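Undergrad: The lines below spell out each chain.
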Amino acid sequence: MDSPFALPAIVLVTVVTLAIGAYGVRFARTTSDFLVASRTVSPGWNASAISGEYLSAASFLGVAGLVMKYGADVLWYPVGFTAGYLAMLLYVAAPLRRSGAFTLPDFAEARLGSRRLRLLCAGFVVLIGWLYLVPQLQGAGLTLGTVTGAPYWLGAIVVGVVVTANVATGGMRSITFVQAFQYWLKLTALAVPAFFLLLVWRAGGTDSLTADEVPVFPTETMVDIQVDVSVNVVEPVSLVADGVIDGTAVDGPLSWAPGRHDIAQGAVLTFPAGAPVPHADQLDTLDNATWGTPLSTGGGHPEFPLFATYSLILATFLGTMGLPHVLVRFYTNPDGRAARRTTLLVLGLLGVFYLFPTVYGALGRLYTPQLLLTGQTDAAVLLLPGAAIGGVGGQLLGALVAAGAFAAFLSTSSGLLVSVAGVLSTDVVGRGSVAAFRRAAAVAGIVPLGLALQVVSLDVSVVVGLAFAVAASTFCPLLVLGIWWRGLTDAGAAAGLLAGGLLSTGAVLITVLGGARGGWLGVLLAQPAALTVPVAFLVMVVVSRLTAARVPVDVGRIMVVLHAPESLGVHRRAG
Amino acid sequence: MTERSEGNEPQQPPERVRIDVAARRRVRVDRTLREIEEQTRVGEVLVQGLIRAQLSVALRLSAVVAVLLGGLPLLFAVAPSLSDVEVLGVRLPWLLLGVLAYPFLFTVAWVHVRQAERNEQDLTDFVDST
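Chains as they are written, first to last, in this note's numbering: chain W, 50 to 624; chain H, 35 to 164.
Because the hints were derived from the structure by calculation, they are not lab data.
These numbers were taken from a predicted model, which means no experiment stands behind them.
All C-beta atoms in this analysis are idealised placements derived from N, C-alpha and C, irrespective of residue type, glycine included.
Among these hints, one or two may not hold up.
[Stated by the list, open to error] Covered stretches of chain W, going by a simulated chain H footprint (3 or more residues, C-beta under 8 Å): (1) 118–128; (2) 357–366; (3) 387–401; (4) 603–614.
[As the list claims (entries may be wrong)] If the Cβ cut is set under 10 Å, some of the chain H residues that face chain W in the computed set are: (5) GLY104; (6) ARG125; (7) VAL133; (8) LEU139.
Work out the full structure: start from the sequences and follow the hints.
TA: Here's what the structure looks like:
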């Protein structure tokens, strides 16, 4: 896409983000302001802010890309991202707010009275936070590269520096304004172009999305190959190529028989209208009918679609409550009742947003099928307006989605950074002073930026899914058992955190480093939640039972604080 | 506006009744606070009842979601022909997962908020009446 409006739009979003942040700085004076906005944020603001913070690169770009590749089975991603808030509401929201703790390690220490458990939690907050930050910064680099041709490192550094500076100077109070603004920007940036895309689709005769044929190039299409790629040709196709194909320099017409072909970086391929799209090697070539049928791909695990689907459901439904940047938001509600109402509103806001990525994913197969060749389906949202609508209108809408994508990176990274910096400043360095928070924010931002600049090839959606699995295998059991079961002990919690955390983190590392891909082991490592979540719960319960003598003596009083409504007045001292 | 009055005077206009409740709450708060700080069994038993009620609401609604939403992959596995059914030009799985899942989740959440708040109100009323 070469939209002349994209760069100004991105700059505008960044400047407005900084401006709203600066406006908020005037209110941020005390440590409490920095960490939890002094707990005076209303449910409406808070729900917009939570949603704005939550809708990351994975939601804005990744879901559409996954839908385009894998079809019906990956609709569970957005459903799970939303349902995670229902689990949060049912089991965590109000009691967590009533616990009166600032951060997740605070909660662990208040509930179980163990300093060591607190440090362990702090470690997992930082791990999950950084795991989630790296793909955000990478997404920023790739987006800026896609829409302006800028080098990868520039986008990553821009987002990294803007977010770090904003968080370090304004803390969370300003973040609340920024995040709330960015939810509405992201919704607009996705909904308005989607409306026009649907109009174009209808005007063009409402081509079937689920017919019995593979995607074809709608018009003569020129494809720039930016990264070496191997494609799998199923039907013979003729094209014009300029570059190194199958190890030989080619400049002219070419015809490909079925089989595998290697294309080197820098090649330019031109396909005629109506040619079937050769798919990147790692993708199965699906006809649209198969693509539209559930359990046909399992989101990349066609051998075990049912297991992969349920494991994904478990990770997303239960992982949301364990994401540190989501949890920290609940402390900003004035009371437990407001925490519930906030969560309800969040479910509404997310439900509206997630109607749209599916539209992009499906129409992407019609209008930008070359992404199936390059494998970079994450770019579908960015490229569709220009490809399907064209002209100045398409360029303007393209600039709008680029701005929305940048808002996604900025807001999620801000939220992650606040929680990581909050934990670092209260648990690792200093004792929660404003100066310590600023130093911690700098450290929290620089580490993932360094990682993002080193590792270019991680897939955004995959890493984000794995972060959910780690969160579901660690903080979900800690929160659910800690809130509802009197028998939990510090030893049991620590053992469960370690068991679930090490297993899921191990699976993450092996998958990211490109380990086992096929068979049972492959699906288990890529979708570990179905195994690691039950293990974490089981270990927590069994070890707590074995160490029952360590149940805190004041567990009864803590339970009262967690569950009694504020109107009974038990929170005056705790809060 | 004026002093709290525990006895209801029939002539009082409605708005004065409301303010009376708020004032009465302050008395009740102090009493309950004392109760809980003294670690009396009564306070804990009261809240234990609330915890059980809240947990049962959460578990029941989880079961509804597990069956109605969580059952879909199994349903599509045992009855693949359902995937070909079209409603309003959209195939059933896409309609269910792409659109209807969201209002469903919101409705479940709404029911939960109502029931959870009612459970809390019940406890508050009970403390009030004792």
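Undergrad: If a hint holds in the structure, say so; if it doesn't, say that too.
TA: How the hints compare with the structure:
A stretch counts as covered by a chain when three or more of its residues have a beta carbon under 8 Å from one of that chain; for the stretch 118–128 of chain W and chain H the count is 4, and the coverage holds. Restraint check on the stretch 357–366 of chain W versus chain H: 3 residues with Cβ-Cβ distances below 8 Å, three needed, restraint holds. Only residues whose C-beta sits within less than 8 Å of a C-beta in chain H count toward coverage, and the stretch 387–401 of chain W has 9 of them, enough to reach three; the restraint holds. Given a C-beta distance limit of less than 8 Å, the hint that chain H covers the stretch 603–614 of chain W holds, as 7 residues qualify and 3 suffice.
A hinted interface residue such as GLY104/H counts as satisfied when its beta carbon comes closer than 10 Å to some beta carbon of chain W; here the least separation is about 7 Å, so the hint holds. At about 6 Å, the closest approach between the beta carbon of ARG125/H and any beta carbon in chain W falls short of 10 Å, and the interface hint on this residue holds. Restraint check, VAL133/H versus chain W: the minimum CB separation of about 6 Å is within 10 Å; hint holds. Because the closest C-beta pair between LEU139/H and chain W is about 5 Å apart, less than 10 Å, the hint holds.
Checked against the numbered hints listed earlier, the structure breaks none of them; every hint is satisfied.
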